[in-house]
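Enquirer: Residue-level listing of the chains:
There are 2 protein chains.
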Amino acid sequence: MAAITIFGKGNMGQAIGDVFKQGGNEVSYLDNGDPIKNLGDIVVLAVPYSAAISIAKANPTALVGKIVIDITNPLNFDSWDDLVVPAGTSAAEQIKQLLPDSKVVKAFNTTFAATLMSRKVGGQQTTVMAASDSDEAKETLATALKDSGVAYIDAGALKRARELERFGFLQMTLAAKETIGWDGGFAVEK
Amino acid sequence: MAAITIFGKGNMGQAIGDVFKQGGNEVSYLDNGDPIKNLGDIVVLAVPYSAAISIAKANPTALVGKIVIDITNPLNFDSWDDLVVPAGTSAAEQIKQLLPDSKVVKAFNTTFAATLMSRKVGGQQTTVMAASDSDEAKETLATALKDSGVAYIDAGALKRARELERFGFLQMTLAAKETIGWDGGFAVEK
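Chains G and V supply the protein sequences, listed in that same order. Okay, so the first sequence: first residue is 1 according to the UniProt record's numbering, each after it adds one. Okay, so the second sequence: first residue is 1 according to the UniProt record's numbering, each after it adds one.
In short, the hints are calculated from the structure, not lab data. Be a bit skeptical, because a hint or two may be false.
Copies of the same chain are indistinguishable here, so a pair counts whether it falls within one copy or spans any two.
[To be verified] DMTMM-like, lysine to aspartate or glutamate: derived pairs with alpha carbons at most 25 Å apart:
hint: 1; residue 1: Lys190; residue 2: Asp34
hint: 2; residue 1: Lys120; residue 2: Glu189
hint: 3; residue 1: Lys120; residue 2: Asp154
hint: 4; residue 1: Lys120; residue 2: Glu178
hint: 5; residue 1: Lys66; residue 2: Glu189
hint: 6; residue 1: Lys57; residue 2: Asp41
hint: 7; residue 1: Lys159; residue 2: Asp81
hint: 8; residue 1: Lys66; residue 2: Asp31
hint: 9; residue 1: Lys66; residue 2: Asp147
Looking at chain G on its own, in the form it has when it is part of the complex (with noise of 0.2 Å):
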């Protein structure tokens, strides 16, 4: 059982929160403004990009030594067409060098909301991808996410989140023009 505080109660935060619930985790949510306190041995920044870099610079103190879980896609939404992070590195990578004293993981952006909510992609059990030079804070990730009815798997070290965001563009691409579905995308078959 982890402690978890949610940044953010948009369509992923709360299906982050289901799945940790099910999973029989503690569940809190913090919103814009809210003091930032009595934070969880999880801090899932479930924000758009430049909130979560907002968050980073303003915390580095309250998070440190907590496992801080970067879901974003740094989409530049007015072209849809690349990412806002510079070549070479990733939106997860930036959030660490801002926080070197937390365990930053890479999870949860290859994963829509509406697949985190039914487990499922298309037919297929929904699997949350992980990517962090903690093996410590991978392990909590995986036990956390035992019971929570959807797949885990270790990506391996943070620099894998240059490809999971990528990844996580690449299935948004095909779904703002209707290839797949927003309850669809790219399946993780072993």
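Fit chain V to the supplied structure of chain G, relying on the hints for placement.
Expert: Here is chain V on its own, set in the frame of chain G:
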């Protein structure tokens, strides 16, 4: 019915040929050193990235007007930690620069040889994703794959090869670590 010439008869070349044959197309192969003649409408570079670059450099005239399919995943196979193409571009875009008068398509880099041969990613139908700036080329490819046993989706402009290559790279790292099998991977669920 399209005439298809495949450079390279390795696992991927053979699997791609098998798929195109079932689609009712005429498939021929070129091995290293064979004279470059009687090329089909679709030319598949089923060779490693460095060899694909060499073929493009040596044969811009023979490839004028052809649909040239780049299937490569340009990994650094020493480190398995990055791609050898610079961040902010893709193998497919590099090849397009060498072949400005060809219709370059990125495709088949997100499907392992085994999932092409079986037409299944785990339990799901295998899907070929294609990116190109030529809609005509993508339509020709879609038609050639219609009865092949694999599904097809249009992944957008050639620039999306950046995402397809990161997708393929991630999938390969997961298979190399045995997190997934080489007969599994990412299935497209509509």
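Enquirer: Against each hint, give a clear statement of whether it holds in the structure.
Expert: Consistency of the hints with the structure:
1. Lys190 x Asp34: neither (41 Å within a copy, 39 Å between copies)
2. Lys120 x Glu189: Cα proximity of Lys120 and Glu189: in one copy and across copies (12 Å, 10 Å).
3. Lys120 x Asp154: both (19 Å within a copy, 23 Å between copies)
4. Lys120 x Glu178: both (18 Å within a copy, 23 Å between copies)
5. Lys66 x Glu189: neither (31 Å within a copy, 35 Å between copies)
6. Lys57 x Asp41: within (19 Å within a copy, 54 Å between copies)
7. Lys159 x Asp81: both (22 Å within a copy, 8 Å between copies)
8. Lys66 x Asp31: For Lys66 and Asp31, the Cα distance is within 25 Å only inside one copy (19 Å; across copies 55 Å).
9. Lys66 x Asp147: Within one copy, since 22 Å is at most 25 Å while 52 Å is not.
Checked against the numbered hints above, the structure breaks hints 1, 5 and satisfies the rest.
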